[in-house]
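Asks: With the hints as extra help, turn the sequences into a complete structure.
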Amino acid sequence: MRKKFTEKQINILDVAEELIAKKGFDGTSVRDICTKANINVAMISYYFGSKEKMMSYLYQYRVQRTKESFSEFAQTIKEGKPEMQMKEIINYIVSLLFKYSYFHGFVTQEIRTLENVKDDLLEFYQICVTRLDDIVKKGIVSGVFHNAPKSEDVLTMIIGSTLFVIRNRNFYELYIPASNDAQYMKEAEQKLRSSILLSVFALLDYDAE
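Take the sequence shown: its letters are residues 987 to 1195, numbered as in the numbering used here.
Incorrect hints may have been included.
As the list claims (entries may be wrong) - Below, in silico cross-link-like pairs of lysine-lysine (PhoX-like), each with a Cα-Cα straight-line distance of 20 Å or less:
| # | residue 1 | residue 2 |
| --- | --- | --- |
| 1 | 994 | 1039 |
| 2 | 1037 | 1009 |
| 3 | 1136 | 1124 |
| 4 | 1008 | 1022 |
| 5 | 994 | 1022 |
What the hints assert, rightly or not - Computed beta-carbon distance windows for the label pairs:
| # | residue 1 | residue 2 | range |
| --- | --- | --- | --- |
| 6 | 1184 | 1123 | 18 to 26 Å |
| 7 | 1169 | 992 | 37 to 45 Å |
| 8 | 1176 | 1027 | 40 to 48 Å |
Hints are computed from structural coordinates only; laboratory data are not their basis.
Quantities reported herein were computed from a predicted structural model and do not represent experimental measurements.
We put the beta carbon where it would ideally sit given N, CA and C, even for glycine.
Replies: Listed below in structure tokens is the structure:
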């Protein structure tokens, strides 16, 4: 069943997400979160049980929000040409994963086995696959795509490649000259987007003419 969050919980989760994105999970204390959210320390235990469990709820909350925002985004580009839609979908997913990259350094057994999170992730993936499938079919019919790879494989390529880069920065940064963290993240995202776009359009046998 989809978790319902109260306004107070959402406020705490938004604050926690902002702080954790800047300082990391270990570098963000419960007191930091409570101070910025203007609440008593005991409220974290009351609403979530612990800092670790709060992160699980934050993960679930972010997945739910991502699912909703992706559906809205896909709706806004549905009338565009299939090649434009495919490019925008790829850019959207890669950007989303980079924006919330701090999640991928915090994967506990609790999060991996939390049924609500698993269900929300599955639904999000299925929404993505359905949208990709529609785009591929539209491209085949219009003649700009000459091959129809499985949409679940396309999604796996997009997400898998992005997560590899996020989780293996020590490798990827060898190939990206950057003087600071912000520049690295920007350059890494651009490099990865270009690579994925080339690979996906090659699979689609895209006819640019």
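Asks: Take the hints in turn and mark each one as holding or not.
Replies: Outcome of the hint check:
| no. | hint | verdict |
| --- | --- | --- |
| 1 | 994 to 1039 | holds (16 Å) |
| 2 | 1037 to 1009 | holds (15 Å) |
| 3 | 1136 to 1124 | holds (14 Å) |
| 4 | 1008 to 1022 | holds (14 Å) |
| 5 | 994 to 1022 | holds (13 Å) |
| 6 | 1184 to 1123: 18 to 26 Å | holds (22 Å) |
| 7 | 1169 to 992: 37 to 45 Å | holds (39 Å) |
| 8 | 1176 to 1027: 40 to 48 Å | holds (41 Å) |
Against the hints set out earlier in the document, no violation occurs for any number.
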